[in-house]
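Asker: In order, the protein sequence lines correspond to chains C and D. Those letters in the first sequence? Residues 50 to 394, per our numbering, in order. Those letters in the second sequence? Residues 70 to 406, per our numbering, in order.
Everything labelled a hint here was simulated from the structure, so no lab data went into it. Among the hints, erroneous ones may be present.
[Unchecked claim] Straight-line Cα separation of at most 16 Å, EDC-like style, residue types lysine to aspartate or glutamate; simulated pairs:
id	chain 1	residue 1	chain 2	residue 2
1	D	K336	C	E322
2	D	K199	D	E375
3	D	K393	C	E383
4	D	K298	D	D220
5	D	K381	C	E383
6	C	K326	C	D378
7	D	K393	C	E227
8	D	K340	D	D240
9	D	K196	C	D79
10	D	K199	D	E318
11	D	K298	D	D344
12	D	K196	D	E318
13	D	K405	D	D362
14	D	K393	D	E403
15	D	K196	C	E383
16	D	K282	D	E375
17	C	K169	C	D248
18	D	K196	C	E377
19	D	K282	D	D342
20	D	K325	C	E227
21	D	K405	D	D374
22	D	K336	C	D378
23	C	K291	C	E227
24	D	K139	D	D258
25	D	K98	D	D151
26	D	K405	D	E375
27	D	K340	D	D111
28	C	K291	C	E322
29	D	K139	D	D238
30	D	K336	D	D180
31	D	K393	C	E286
32	D	K340	C	E325
33	D	K377	D	D240
[Stated by the list, open to error] Using C-beta positions, here's what the derived DEER-type ranges look like:
id	chain 1	residue 1	chain 2	residue 2	range
34	D	S253	C	E286	55 to 63 Å
35	C	A315	D	S253	50 to 58 Å
36	D	Q343	C	R70	54 to 62 Å
37	D	G231	C	G370	52 to 60 Å
38	C	A155	D	R371	35 to 43 Å
39	D	A283	C	T327	25 to 33 Å
40	D	N131	C	G357	20 to 28 Å
Just so we're clear, the structure is a prediction, and the values are computed from it rather than from any experiment. All C-beta atoms in this analysis are idealised placements derived from N, C-alpha and C, irrespective of residue type, glycine included.
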Amino acid sequence: MRLVNRLCALGALLALGPGCRGFMYGQTGDVTTHFAAEHVTPFVMSTDDAEMACASGLAMGNFTMSFERVTDRPNRAALSALASAASCAEAHAWEAELRSLRALRANQPEEAQDARVEEKRWHAVAARRYGAAWTRMTQAFGTPGGTCPTLETPEDETLYLVGLIAGGQAVTHDRAAEGQAGIALDVPRLAARGSECLDDARWFGVPSALRAAVWLSVPGAAPEGEDPWARLAAAAELGESKGMRLARAIQIESLAAAGRLEDVRAAIKTYAESREKTPTHGAFALLDQNGLLLVQQMSDRIWTRETGHRTPLGALGTFPGVAAPATEDTSLFEGLGGDTPASAP
Amino acid sequence: MRSLHRLITLVVACSTLLGASAALAGTAKSLCVYDPSGANGDIFNLTKDFKAAASAWGVDFNAKPYTDEKTAAEDFKAGKCDAVVLTSTRVRLFHKFAGSLEAMGAVTSYDQLQTVVQQLSTPAGGKLLKTPEYDVLGIYPGGAVWLYVRDRKVDTVPELAGKRIATLDYDDAAKTMVRHVGASLVPADLGNFAGMFNNGSVDAAYAPAIGYKALEMHKGVSKGGGIAKYILSHLTFQVVAKTGAFTDEFAQNARKWGADNFTRFRKVVEKGDQDIPKAVWIDIAAGDKEKYDAMFQEVRLRLRDESKVYDKGMLTLLRRVRCKAEPARAECAEQKE
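If we strip away everything but chain C, and leave its shape as in the complex, we get (with noise of 0.2 Å):
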């Protein structure tokens, strides 16, 4: 009796052929690809912890991009992990960078060289990670700057944005990595035009702050009475209301950019308290909270470079130096001489 199971599974094996394996594997690969574009993206940006949403961009991503051999290319799965994936690089980038500035303060020089060069090195690697998200957008939604793609759905939105807005990263990782990734300059503009075919209000003024940071990039590129200025502060404050403060983040950055150093720290402040006050918006927490690591560097940027050391916990909007005790209110003070101390115990 068991000879004969055997050799019916054997029969069944076989009936099973290339052909057939081909047929699964290509069903798999839509009902997968299409589950991580429908389902997890949207899972995952509801949820705040950006260094999961990176090791899951750097565990799932070559999977799911490998259905790309059996069925369609993913481009919509695709797009969402290389974003994920290339915020890890990112994150290692901040670090090197951090490493670095400690490192020139306490006159190492060695040793802030080496940092420099393992900060482009990651650099380089988040860029071609955004860069790949950038053109897996392209292919899924068609490059921007012509008609706006049709957007069926809100994941549709997302991800659209998604892929805007690491475009722009792309360049922004390229350029600090000396041009490693060679990614094209003119993703940004694209970008910018792309982010028209969003509804500003819906995205939390993402589409026109990234609109603004790319005219503040690129010279020339601002429209005739546009003020990027006004529209990236309009922008962050319409994400704040609503406790998704990606918009306030690009402001910060194109700040910093610009060398205005005094306005980025009080954009840095009023960021914090608008995280005191405004709770994060469900939906999009890890927007919000990609938002709040890139204030956060900046911000450890400011404290590395004057003491040495990232912002303290709870110190996010304080600056060093700033935080001297009130000026001597002698009047608290006069004639007080205080009693004989008790002796100790």
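Once you have looked at the hints, place chain D on chain C.
Answerer: Here is chain D on its own, set in the frame of chain C:
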């Protein structure tokens, strides 16, 4: 001659190097830290930051956690530690001025406490913190102290008459107050007062909000109890050193660091207040609050003049801070403190 010159150069180079490494290492000092949760508690965690800051001022602290405050104080007194972190209640036994900061009803908000700490971190304030025997190197917020009652119907002072209140046995100020309201004093220590409240051995106990969850005092209020929304005092943790153990410059740096970081630590303790469910709080009528303010002042004066528990100078300082914040208070014209 050349060899002698080389030898001298070598000796000078070696001494310079030795001097540099000594400066880098800093002066070794011991710090005894009282934290009810030991090395895993918020206070010990805070001292790790303080230790890191102190290394920049040339002091390398070796911090040792104590879960028993009395032992920490005794070890400090016996010279086993150069400095100690204690609650202000215990500090009062060493340094009357600094310990009187937690005088009952004398600091009515966190803002006022912050003002006092900031002012005491200035050079003029620092002079008040240095006595011939002890020097206070920092003051940190431990949270507003609230009255926990097992029966929320006890919401006025007259109703406390005859009730059993867990009272720290070394806290002379609290003992005086308990007697003043006609309650029955049940001696307790930091290790057992919460348990006594939870199991009904006492009807009331006083503690900061951190006791609600960390010491499970929610159990004691769960069956019809509550927490009176009136700040009895502000617990603080203070770093006390023997005068001369540290330089004046170090002491000033340490006090300034504490004041600069006050907001950060304040947020932690204020969160404890915010985490107490709204339904647990017992609101006190405005008219009653004024009566209690007057009653607390009466007790403070007695503790200053008769029992000599509170420091006259600190009470004056706190009255001035209260009157800056609320100039309309009746006591501002009377100036009894």
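Asker: Checking one constraint from the list: CA of K340(D) to CA of D111(D), max 16 Å. Satisfied?
Answerer: holds, 13 Å
Asker: Assuming the hint says 50 to 58 Å, is it satisfied by the Cβ distance from A315(C) to S253(D) or not?
Answerer: Holds: the Cβ-Cβ distance is about 57 Å, inside 50 to 58 Å.
Asker: Can the restraint linking K325(D) and E227(C) be considered satisfied, given a maximum Cα separation of 16 Å?
Answerer: violated, 44 Å
Asker: Does D258(D) sit within 16 Å of K139(D), going by the straight-line distance between their CA atoms?
Answerer: The hint holds at about 10 Å.
Asker: Is K98(D) within 16 Å of D151(D), Cα to Cα?
Answerer: holds, 6 Å
Asker: Could you grab the alpha-carbon distance between K393(D) and E286(C) and see if it respects the 16 Å cut-off?
Answerer: violated, 35 Å
Asker: For the range 25 to 33 Å, tell me whether the beta carbons of A283(D) and T327(C) fit it or not.
Answerer: The hinted range 25 to 33 Å holds for A283(D) and T327(C), with Cβ atoms some 29 Å apart.
Asker: Given the hint that K169(C) pairs with D248(C), does the C-alpha gap stay at or below 16 Å?
Answerer: violated, 35 Å
Asker: Between the alpha carbons of K196(D) and D79(C), is the straight-line distance 16 Å or under?
Answerer: Violated - the C-alpha atoms of D79(C) and K196(D) are around 75 Å apart, more than 16 Å.
Asker: Given the hint that K393(D) pairs with E403(D), test it: the Cα-Cα distance must not exceed 16 Å.
Answerer: holds, 14 Å
Asker: Take the C-alpha atoms of K336(D) and E322(C), compute the straight-line distance between them, and say whether it is at most 16 Å.
Answerer: holds, 13 Å
Asker: Do the alpha carbons of K340(D) and E325(C) lie within 16 Å of each other, as the hint requires?
Answerer: holds, 12 Å
Hint compliance for this structure: hints 2, 6, 7, 8, 9, 16, 17, 20, 22, 23, 31, 38 are broken, all remaining hints hold.
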